[in-house]
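Mind docking chain B on chain A? Use the hints.
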Amino acid sequence: MWNYEKRLQYPVKITQPNAKLAQVIISQFGGPDGELAASMRYLSQRYTMPFHVAGLLTDIGTEELAHMEMISAIVYQLTKDLSMDEIESYGFDKYYVDHTLALWPQSAGGIPFNSCFFQSKGDAITDLTEDMAADGAFP
Amino acid sequence: MNFKMSTEQENMLHDIGVVDFVTVEMTQYLDTHPMDREAIEYFNHYMRMKNQMMRDYANKYGPLSLSVADNSCKEWKWALQPMPWEGGC
Numbered sequence: 055m056w057n058y059e060k061r062l063q064y065p066v067k068i069t070q071p072n073a074k075l076a077q078v079i080i081s082q083f084g085g086p087d088g089e090l091a092a093s094m095r096y097l098s099q100r101y102t103m104p105f106h107v108a109g110l111l112t113d114i115g116t117e118e119l120a121h122m123e124m125i126s127a128i129v130y131q132l133t134k135d136l137s138m139d140e141i142e143s144y145g146f147d148k149y150y151v152d153h154t155l156a157l158w159p160q161s162a163g164g165i166p167f168n169s170c171f172f173q174s175k176g177d178a179i180t181d182l183t184e185d186m187a188a189d190g191a192f193p
Numbered sequence: 111m112n113f114k115m116s117t118e119q120e121n122m123l124h125d126i127g128v129v130d131f132v133t134v135e136m137t138q139y140l141d142t143h144p145m146d147r148e149a150i151e152y153f154n155h156y157m158r159m160k161n162q163m164m165r166d167y168a169n170k171y172g173p174l175s176l177s178v179a180d181n182s183c184k185e186w187k188w189a190l191q192p193m194p195w196e197g198g199c
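Residue numbers (the numbering used here), protein chains in the order written: chain A, 55 to 193; chain B, 111 to 199.
FYI, nobody ran anything at the bench for these hints, they're computed from the structure. Careful: at least some of the hints might be erroneous.
Stated by the list, open to error - In silico lysine-lysine, DSS-like type, Cα no more than 30 Å apart, as pairs: (1) B:Lys187 / A:Lys134; (2) A:Lys67 / B:Lys160; (3) A:Lys134 / A:Lys74; (4) A:Lys134 / A:Lys148; (5) B:Lys184 / A:Lys60; (6) B:Lys160 / A:Lys60.
What the hints assert, rightly or not - Only part of the chain A face toward chain B is listed, based on derived beta-carbon distances under 10 Å: (7) Lys74; (8) Val78; (9) Ala120.
Unchecked claim - Label-pair distances were calculated between CB atoms; the ranges are: (10) B:Tyr152 / A:Gly163: 22 to 30 Å; (11) A:Asp135 / B:Tyr152: 43 to 51 Å; (12) A:Ile179 / B:Leu190: 32 to 40 Å.
No residue lacks a Cβ here, since even glycine has one placed at the ideal position from N, Cα and C.
Looking at chain A on its own, in the form it has when it is part of the complex:
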């Protein structure tokens, strides 16, 4: 189970709305390597992991949920209280027509969040290798 703390892992205080920027940052929410995919990836893979790794993936997956909340706060604040003129000039109208200013997990290119963004194969090395690719680890 989970407990919630009513605070962000790091504060988000945006003073200047920018829906153009929001359309890029939203990928870190609902895109293929975003925080929603990251948390679901770890929290799905953990069941078939060796004991200590299962505990680690639980705690990492939990932290990813906190990351998702920060990214969501960024997108929310970047698009808060926009006028129709601003929505059009920022090119945010294509998102707005389906979701208004609500949060909806998608990539920057508009592809909806999909569990095909990650894998869960039941083999520790295979899954950890996929985690490294998704989490931005490069040789």
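Relative to the frame of chain A, chain B by itself:
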């Protein structure tokens, strides 16, 4: 709904964030190094610190978690806390 915070409240919240980050990272280290006594000491030190800071914050500004949400007042303060994505915290 917008909530304006005092500098002191902002500072307390910032410090909780710093100390909590230590416990989160130490937890992940200890998941794969459960016999590292030095690391356990380190974790305990910061966890005790965080618990105290969470109680202090709750007494002054209201609870950030249900574990420190108990109060003898007539109002349920947990429900009155601002949502963190509104930019207050």
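To see whether the hints hold, each was checked on the structure:
1. B:Lys187 / A:Lys134: OK: Lys187 (chain B) and Lys134 (chain A) at ~27 Å, within 30 Å.
2. A:Lys67 / B:Lys160: Within the cut-off at roughly 23 Å; holds.
3. A:Lys134 / A:Lys74: Status holds; Cα separation ~13 Å.
4. A:Lys134 / A:Lys148: It holds: about 16 Å lies between the C-alpha atoms, which stays within 30 Å.
5. B:Lys184 / A:Lys60: holds (21 Å)
6. B:Lys160 / A:Lys60: holds (15 Å)
7. Lys74: Where the cut-off is 10 Å and the nearest Cβ of chain B is about 20 Å from Lys74 (chain A), the hint is violated.
8. Val78: violated (19 Å)
9. Ala120: Holds, because the Cβ-Cβ distance from Ala120 (chain A) to chain B comes to roughly 8 Å (cut-off 10 Å).
10. B:Tyr152 / A:Gly163: 22 to 30 Å: With a Cβ separation near 43 Å, Tyr152 (chain B) and Gly163 (chain A) fall outside 22 to 30 Å, so the hint is violated.
11. A:Asp135 / B:Tyr152: 43 to 51 Å: For Tyr152 (chain B) against Asp135 (chain A), whose Cβ atoms are near 44 Å apart, the range 43 to 51 Å holds.
12. A:Ile179 / B:Leu190: 32 to 40 Å: violated (49 Å)
Of the numbered hints listed earlier, those contradicted by the structure are 7, 8, 10 and 12.
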